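Residue numbers (my numbering), protein chains in the order written: chain Y, 1 to 311; chain S, 1001 to 1263.
Derived by calculation from the structure, the hints in this document are not laboratory data.
Please note that a few of the clues may not be correct.
[What the hints assert, rightly or not] Facing chain Y, according to a computed beta carbon distance under 10 Å, are these residues of chain S, among others:
(1) T1083
(2) F1086
(3) Y1162
(4) F1164
(5) G1205
Bear in mind the structure is a predicted one, so any value in this text is a computation, not a measurement.
Note that the Cβ used here is the ideal one computed from N, Cα and C, for glycine as well.
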Amino acid sequence: MSYSSVPLHIPDGFLGLAVSMVCWVISILLLGRAISKTNRALGEKQIPLMGVMAAFIFAAQMINFPVAGGTSGHLLGGALAAIVLGPWAGMLVMTAVIAVQALLFQDGGLIVMGANILNMGLITVAIGYGLYRSVSGRANSLRLGMAGFAAWMSVLAGALLTSLQLWLSGTSDLQIVIPAMLGVHALIGIGEGFITVGALYFIMQTRPDLLDDSSGAFKGGRGWILPGILITLAVVLLSPLASADPDGLERVAMDMGFIQSNRSAPYEVIPDYTLPFLGETSLSTIAAGLIGALVVGIVIALLGRGLKTKI
Amino acid sequence: MHFHVFDHYQEQSSIIHRLNPRVKVLAAVGFILSNALLPDGAWAAFLLSWLFLLGVNRLSNLGLAYSIRRSAIVLPFVLIAITVLFSVPGNPLLSLSVFMREVTITDMGLLRFVSILIRSWLSIQMAIVLVAVTRFPDLIHALQHLRIPAILTTIIAFLYRYLFVLSDEVLRLLRARDSRSAVVQGARSGGSVVWRARVAGNMTGQLFLRSFERSDRIYNAMIARGYSGNQYTLNPHEMKSSDYFTAAFVLTSLFLLQVIGRF
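Based on the sequences and whatever the hints tell you, model everything.
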């Protein structure tokens, strides 16, 4: 079968429990917002549409083209989904694709699915839509160029997040995983960019009405531009820094208490990774992880509330 | 396209197949969670987890080695974890020179590496067994019962339904491209990489339009059959006493595994 996977699907066992839980919390908060937004904006008609579009993304991932030496380029689809469906619907569609890949093909784990959704379904859509929206209404060539760049960037962002999660879980060495993942995905992302541009160009020629920014509540607002650009900037600044000076990043993380120098439990959010009053038991470990996840969740909820007025 | 290309459900009559899908989903997730919780080097608990897995294979009439045969999917990702062999401090076991760099495998690094491998290997096998003993529509139904929002489960249900249809569409597109791409032995073929990428882009755009138009037709057909936004099933999926018994048994076993893993 020509089904091939993008090497970003993390299997179970490769991420620490605390990292997995934090990723789940972030993903669930974003998805909750996506669900309430789409439920409000869409009629029942759009649900089958989104289902078929999810099948489209899935099937589109099977289209490949030969590059060189037996390798081939193909699509992840986050940026394309965001541009043709709008950001919130794009997030739900990508989540469904990742869930089915994990459930049906064991491509990506179940406990780590929150991380996979975040890396491949949410950040790709946010970057793809934010960057594309910033040039809406401009000339077609500019929009296509930006879509290609956004698609490339979204793959890179997903790879960067994956590497950071693997490193925080103590599964990979930062000095190797960042350059390796970013290097491979900088190439994979080029294929992503080309296919995204090609597909959009084709749609512009045949059904330009489908790409109309004002086509109903389906699309997102201009509030997506700022987060899209900010995440892109973060990736652009962090990638070279992490590749050139991984020790620096490790030092920062150590100073902030995310990891410890002895690396026995490199995914610490709470010092010593246990709660003093519960003693050094697994219960204490779980509670510490949950509290860490909760803190991150609250921060994001507050951020979301602050942004809400603008979005 | 036959559904077995994608869906590895194995039609059997076994007590595991007859379990409520909710119990199966929770047991599988619980097992994977238990693996994630076990500390590095908990060999006895890992071994017992594997025996548990073999037992499930056996009870599902899949054959003892069913899940092992399909578990190689996890292998490519092993590369990602290989660096822990060198990066975790511990007593040196073996020094190698890789790309002019001296690296030392430590005992703690080896312990962590093997533990990560075992965890992911056990977890993926449980996921393999889960889809082998549960029909996918039942799995979606279980997710609905487990309070996954209806909009997501409905999208997943549609995705599953049209996966096969749109994959056939892709195969037609790929076949059409192949039939127009003659290769002459010894001669350079197929244009530049950019050109190839553009062809793939056109195919993706074409697939999008076909899917989009199809979804319109699908919706009209659904309306014609009285679609009201809800999905119904004839299978009630009631929790029987055997389901509660199994859930309790699995929970107790997983708890015991955790205790054994820590002493």
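These are the hints, each one checked on the structure:
1. Of the supplied interface hints, the one on T1083 of chain S holds, with its beta-carbon coming within about 4 Å of a beta-carbon of chain Y, less than 10 Å.
2. A hinted interface residue such as F1086 of chain S counts as satisfied when its beta carbon comes closer than 10 Å to some beta carbon of chain Y; here the least separation is about 7 Å, so the hint holds.
3. Interface restraint check: Y1162 of chain S against chain Y, minimum CB-CB distance 4 Å, threshold 10 Å, status holds.
4. The interface hint given for F1164 of chain S is met, as the beta carbon of that residue sits about 9 Å from the closest beta carbon of chain Y, less than 10 Å.
5. With a cut of 10 Å, the hint placing G1205 of chain S at the interface with chain Y holds, because the nearest CB-to-CB distance is about 3 Å.
Hint check: no violations occur; every hint is consistent with the structure.
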